[in-house]
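Enquirer: Note that the protein sequences, when read in sequence, are chains A and B. The opening position of the first sequence corresponds to residue 2 in my numbering, with each subsequent residue numbered one higher. The opening position of the second sequence corresponds to residue 60 in my numbering, with each subsequent residue numbered one higher.
Warning: the hint list may mix true and false statements.
Cβ pair distances, simulated, as ranges [claimed, not checked]:
#, chain 1, residue 1, chain 2, residue 2, range
1, A, 18, B, 139, 19 to 29 Å
2, A, 54, B, 89, 25 to 35 Å
3, B, 86, A, 71, 12 to 22 Å
Because the hints were derived from the structure by calculation, they are not lab data. The structure presented is a predicted model; accordingly, all values stated were derived computationally and were not measured. A virtual CB, placed ideally from N, CA and C, is assigned to each residue, including glycine.
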Amino acid sequence: MSDRLYRMARPEDLRVAHLDSFMAVYHRSSGITHLITAPAPEILATLGEAGMTFRALRDTLGSEYELGDLDDAALAARLDELVAAGLVSII
Amino acid sequence: MSDDIQDDPPKGATSRRALMLGAVGASAIVSIRPALAQTAASVVTCEIPVPDPGRAGTYIAADGSLVPPGTAGAFAPAGKAFKGEDVKVALGGGQLPGTSYEQSRAYTNYIRRLQSGTSGFTCFASLQMPRG
Chain A
2 MSDRLYRMAR
12 PEDLRVAHLD
22 SFMAVYHRSS
32 GITHLITAPA
42 PEILATLGEA
52 GMTFRALRDT
62 LGSEYELGDL
72 DDAALAARLD
82 ELVAAGLVSI
92 I
Chain B
60 MSDDIQDDPP
70 KGATSRRALM
80 LGAVGASAIV
90 SIRPALAQTA
100 ASVVTCEIPV
110 PDPGRAGTYI
120 AADGSLVPPG
130 TAGAFAPAGK
140 AFKGEDVKVA
150 LGGGQLPGTS
160 YEQSRAYTNY
170 IRRLQSGTSG
180 FTCFASLQMP
190 RG
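Whenever a hint applies, use it, and build me the whole structure from the sequences.
Expert: In C-alpha cells:
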C-alpha cells in the first residue's frame, strides 16, 4: 500500500455542492451522487489531482489538522471508501 | 464549482482545525444512486411490449398513439415484446426485428411516448441513461 499513489478524481468529473455539514459530490461518469462528510472532503483536498502516497497523506493530514484519532487503519478505511465510490483513484 | 474541493479546507493554518478520522467500521460517504441506474446493467435483456399488456389488442398509429383495432394506417400489436438492445438500435434510427419500415417507426414512436407506470417504461428509460 505504501508505494501506491492515491489521487482525487478529475475535477471535471465532479460537481460539488456544499450542504452545511455535508458536501454533495455528483460523479458524472457513474451518475451517482455522494454525500460526504469529514474527513472525506479533507482527504480529497489533501490528495488533490497530483495525488500522494498513503504515508504522505497521513503525514500531511497530521500537519494540517489536529487529528484526534490518527490511526492508519481508520485512514485506510476512509481512503478505501473514497476509492470504492470512484472519488479517488489509485495510480 | 468543481474546484471547490481543492479550496475548501484551509491549509497550513496557524491554528490547526480538528479532524476526526472516525472508526474503521464507520462511514463518511452515503451514495445516492438513481433507481433507474440499477437497471442499466439489464438494458440488453429488458423487454418492451408494444403495446402495454393493459392495452392489448389496440393498434398502434404511425405517430405511436394507440387506436382502436382495425384503424386504417395503424399497425397490429407486435407479436412479442422487443428486447432493450433492439429498441436501442431502433431509437438510433435502426429497425425493430421482424417489422416493416413503417411498422417499426410506429412502434418506436409508441416506445418514445411511454410514460412512467406503463409496461416497458423502466426499460426505455434505462436506454436513455448515459453510460459512464
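Enquirer: All hints are to be evaluated individually against the structure, with a verdict given for each.
Expert: Quick rundown of the hints versus the structure:
1. A/18 / B/139: 19 to 29 Å: violated, 45 Å
2. A/54 / B/89: 25 to 35 Å: holds, 28 Å
3. B/86 / A/71: 12 to 22 Å: Since residue 86 of chain B and residue 71 of chain A have Cβ atoms about 19 Å apart, the given range 12 to 22 Å holds.
Hint compliance for this structure: hint 1 is the single one not met.
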